[in-house]
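Chains as they are written, first to last, in our numbering: chain A, 1 to 365; chain B, 1 to 449.
Quick caveat, the hints were computed from the structure, so don't treat them as lab data. Among the clues, some could well be false.
[What the hints assert, rightly or not] Listed below are the simulated PhoX-like cross-link pairs for lysine-lysine, each with C-alpha atoms no more than 25 Å apart in a straight line:
1. B:K46 to B:K35
2. A:K144 to B:K369
3. A:K96 to A:K144
4. A:K74 to B:K190
5. B:K190 to A:K63
6. A:K180 to A:K144
7. B:K340 to A:K9
8. B:K32 to A:K136
9. A:K283 to A:K243
10. B:K369 to A:K136
11. B:K9 to B:K299
12. B:K148 to B:K69
13. A:K200 to B:K183
14. B:K197 to A:K74
15. A:K6 to B:K190
16. B:K9 to B:K141
17. B:K46 to A:K46
18. B:K32 to B:K9
19. A:K46 to B:K190
20. A:K6 to B:K369
21. A:K144 to B:K373
22. A:K265 to A:K285
23. A:K46 to A:K243
24. A:K144 to B:K299
25. B:K248 to B:K299
26. A:K180 to B:K183
27. B:K378 to A:K144
28. A:K180 to A:K46
29. B:K197 to A:K46
30. A:K265 to A:K283
31. B:K148 to A:K96
32. B:K47 to B:K228
[As the list claims (entries may be wrong)] Computed list of chain A residues with no C-beta within reach of chain B, every gap over 12 Å:
33. G51
34. H112
35. E142
36. S187
[To be verified] Derived CB-CB ranges, DEER-like:
37. A:P69 to B:D335: 24 to 34 Å
38. B:Q142 to A:P69: 54 to 64 Å
39. A:G135 to B:G437: 55 to 65 Å
40. B:P401 to A:R70: 15 to 25 Å
Small disclaimer: the values here were computed from a predicted structure and weren't measured. We put the beta carbon where it would ideally sit given N, CA and C, even for glycine.
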Amino acid sequence: MSEAVKTVKVTIDNITVDVPMGTTILQAARMIGGDVVPPAMCYYSKLQGSGGKCRTCLVEVSKGSEADPRPMPKLVASCRTGVMDGMEVKNMTSPKVEDARNGVVEFLLLNHPLDCPVCDQAGECHLQDLGYQHGKQGTRYEFKRRTFEKHDLGPYIQLHMTRCILCYRCVFTADQLTDKRAHGILSRGDHAEIATYIEKSLDNNFIGNVIDVCPVGALTDKTFRFKNRVWFTKPVNAHRDCKCCSGKVTLWQRGEEVLRVTARKDQWGEVEEWICNECRFEKKKTTDWTIEGPTHVSRHSVISQGHYENTIKPKETFTAVHGGRNPQLLMDIHSVSEVNDPSIDLSQINGPATSDVYNHSTKQA
Amino acid sequence: MATKLLLAKAHVEGIRHFEVYRREGGYAAVEKALKMEPAAIVEEVKKSGLRGRGGAGFPSGMKWSFLAKPEGVPRYLVCNADESEPGTFKDRYLMEFLPHLLIEGLIVSSFALGSNRTYIYIRGEYAWIVGILEQAIAEAKQNGFLGKNILGSGFDCEIYVQRGAGAYICGEETALIESLEGKRGNPRIKPPFPAIKGLWDCPTVVNNVETLAAVVPILNMGGEEYAKIGVGRSTGTKLISACGNINKPGVYEIEMTLSVEEFIYSDEYCGGIPNGKRLKACIPGGSSVPILPANLLLKTAKGETRLMNYESLSDGGFATGSMLGSGGFIVLDEDQCVVKNTLTLARFYRHESCGQCSPCREGTGWMEKILTKIENGKGAISDIDLLWDIQRKIEGNTICPLGDAAAWPVAAAIRHFRDEFEWHVNNPELCQTQNYGLAHYADPIHVPA
Numbered sequence: 001m002s003e004a005v006k007t008v009k010v011t012i013d014n015i016t017v018d019v020p021m022g023t024t025i026l027q028a029a030r031m032i033g034g035d036v037v038p039p040a041m042c043y044y045s046k047l048q049g050s051g052g053k054c055r056t057c058l059v060e061v062s063k064g065s066e067a068d069p070r071p072m073p074k075l076v077a078s079c080r081t082g083v084m085d086g087m088e089v090k091n092m093t094s095p096k097v098e099d100a101r102n103g104v105v106e107f108l109l110l111n112h113p114l115d116c117p118v119c120d121q122a123g124e125c126h127l128q129d130l131g132y133q134h135g136k137q138g139t140r141y142e143f144k145r146r147t148f149e150k151h152d153l154g155p156y157i158q159l160h161m162t163r164c165i166l167c168y169r170c171v172f173t174a175d176q177l178t179d180k181r182a183h184g185i186l187s188r189g190d191h192a193e194i195a196t197y198i199e200k201s202l203d204n205n206f207i208g209n210v211i212d213v214c215p216v217g218a219l220t221d222k223t224f225r226f227k228n229r230v231w232f233t234k235p236v237n238a239h240r241d242c243k244c245c246s247g248k249v250t251l252w253q254r255g256e257e258v259l260r261v262t263a264r265k266d267q268w269g270e271v272e273e274w275i276c277n278e279c280r281f282e283k284k285k286t287t288d289w290t291i292e293g294p295t296h297v298s299r300h301s302v303i304s305q306g307h308y309e310n311t312i313k314p315k316e317t318f319t320a321v322h323g324g325r326n327p328q329l330l331m332d333i334h335s336v337s338e339v340n341d342p343s344i345d346l347s348q349i350n351g352p353a354t355s356d357v358y359n360h361s362t363k364q365a
Numbered sequence: 001m002a003t004k005l006l007l008a009k010a011h012v013e014g015i016r017h018f019e020v021y022r023r024e025g026g027y028a029a030v031e032k033a034l035k036m037e038p039a040a041i042v043e044e045v046k047k048s049g050l051r052g053r054g055g056a057g058f059p060s061g062m063k064w065s066f067l068a069k070p071e072g073v074p075r076y077l078v079c080n081a082d083e084s085e086p087g088t089f090k091d092r093y094l095m096e097f098l099p100h101l102l103i104e105g106l107i108v109s110s111f112a113l114g115s116n117r118t119y120i121y122i123r124g125e126y127a128w129i130v131g132i133l134e135q136a137i138a139e140a141k142q143n144g145f146l147g148k149n150i151l152g153s154g155f156d157c158e159i160y161v162q163r164g165a166g167a168y169i170c171g172e173e174t175a176l177i178e179s180l181e182g183k184r185g186n187p188r189i190k191p192p193f194p195a196i197k198g199l200w201d202c203p204t205v206v207n208n209v210e211t212l213a214a215v216v217p218i219l220n221m222g223g224e225e226y227a228k229i230g231v232g233r234s235t236g237t238k239l240i241s242a243c244g245n246i247n248k249p250g251v252y253e254i255e256m257t258l259s260v261e262e263f264i265y266s267d268e269y270c271g272g273i274p275n276g277k278r279l280k281a282c283i284p285g286g287s288s289v290p291i292l293p294a295n296l297l298l299k300t301a302k303g304e305t306r307l308m309n310y311e312s313l314s315d316g317g318f319a320t321g322s323m324l325g326s327g328g329f330i331v332l333d334e335d336q337c338v339v340k341n342t343l344t345l346a347r348f349y350r351h352e353s354c355g356q357c358s359p360c361r362e363g364t365g366w367m368e369k370i371l372t373k374i375e376n377g378k379g380a381i382s383d384i385d386l387l388w389d390i391q392r393k394i395e396g397n398t399i400c401p402l403g404d405a406a407a408w409p410v411a412a413a414i415r416h417f418r419d420e421f422e423w424h425v426n427n428p429e430l431c432q433t434q435n436y437g438l439a440h441y442a443d444p445i446h447v448p449a
């Protein structure tokens, strides 16, 4: 067709938006923003073929399209379902979706070790966020949780298979960023695991990105392991001249020390530009980098709490979703409790010491 | 005697070989088809009302007409011979005894769909059948029914046999395609459907062995004649593999006007329940369909006689009905324990889940563990409600139908046999040595004197 990109109208939770033909429901919801965006654990817009597996983004299509208004018989995975003109989607307004999503969250947490207190991902873990939103306090699972034999993936990447939710993102990353994938999914069903079949370290120059795409603490940075909690560190944008990648990164600092380097992430927790292993693992001095300024963190997880005044607050869609009705009672959590109070900067609290304190006793006051 | 379209010649000496099969009138459908327009063959199949014999019962002619036909892109026909459903063994019989019938059906269907390379994806455990099929393919090729320019029509077709590696999930059409491509057998997310993007991203039709074999009689007798057999939208004949507590287990070809009662008790078919026992329950369509107690099996909830066809078996929905499925007819007599039976099925589905999507990966294992607990007399009443809730959250929320297949047997067992589950919970010691027995869901018609 010669005309420009055709746009279609799609209504998600009573909010109508014009999107280009071929957009998925999830992407359309992200264009609206706010609470109408279904959570996504396996979908990653930068990875081709990802999505459809975790089932957290299930939504109800109450009207197929203008041409065929029949509702879809089952809940559909919004990350892999394209929009049609006149489509009506229910996400947070559908009790069916709520029920199914609670089920999915329960399934995802069923064999998860819930070792957040010792997990490096805690604070920036998507499963943790999801658990807070949809999980119940207790579990109905009374059996022994699944464990795996340990696999060593080399000097940089730590694999905790018990935490894995099998989103396949790291597999797609290795397929699409590196020239030869060395790890993959072995076995099937509930024994399926991420591993290299023959014990082998992952050493491709871009393989470090699997740490960033991992939604849980299954793949973490060995150079940052147990060094600090993410909410005590300050994210700072920085760049350097790198031969093989863009060199645009986020430094996670505590004081002057660079504890961790990651790629920059957008408000959906997705990497903006992939970075190479050298930038990620080898350049841990502020002198290696040109500092640009504090990272704009969305109010997405605890990391954003207490850092900067320019925290991005997502759009409130509450009133629009409820057809213009305002909630009768809406409490600001901060007026009740000091928990997560944005005016308290956690990194300023006299909290746990950095590794420096212990490693170099001379530095101690 | 009922009409036999597929198995009529199964007992002819040497029918496995080309000469005998040809002498018995074989490959007439190929000769007829190659003189027709491909679209006309699809039209005949549409007219015949043939429905997919693999389980879902989707109209085959309609499936064929969905096949995209872009210029310059090859199209593929894949025969799904990955018959792994517990209780279903009809395709094995067909391929083992009448390999040429399948090959003939494949040639006709390939011509109708324009597939020059056709694959038979066969279950890994059917190792000895691979040889039988390959010999049949070689014989057909020697006689000019396969290869280049078949019978001078200008149509080329090759058939390849590919063995699976023993995964139930590879019977799901998109997982089958993945496996055929040499990848891990994970179902794909639909859409796109295989008719648009299938094998190697080309338009593909995946059909069951029996469906493709049924194309031969359809072409020989004409679609309209074929549609006259059977009743309503259940046309033609169906292969049923009967097993369990019956006198004569085996593969039977039935007309879909046969009643369930006659199928179980007549000597022409199953020959009744052995040792004078009474019928307790039956899984009428392979392990994944809901189990039915005897009182709902022989008569529908409305009191009508239940027939062995798509509509009648699913009469009443899942509340009081089941499905014809793939035709794996499993009969349970009064000595069988429904809890144990459900556990066996749950264990199978846990083992066969591909692990791709979370409800199926986690839920199937959870259900198995709870059922093990109940079966061993360690369960609680709340476990039964929990099981119900788990199956409800798996069903319909997974990528492929394996989640549904795992949820339905558990749901049906609790729906119809809840008292037996509760008896297991309330009698933890007794249930280890005794069975619950018949209770109120016994077969009300055949009461022994």
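**Hints not upheld, ascending by number** = 3, 6, 7, 8, 11, 17, 20, 24, 31, 33, 34, 35, 36, 37 and 39
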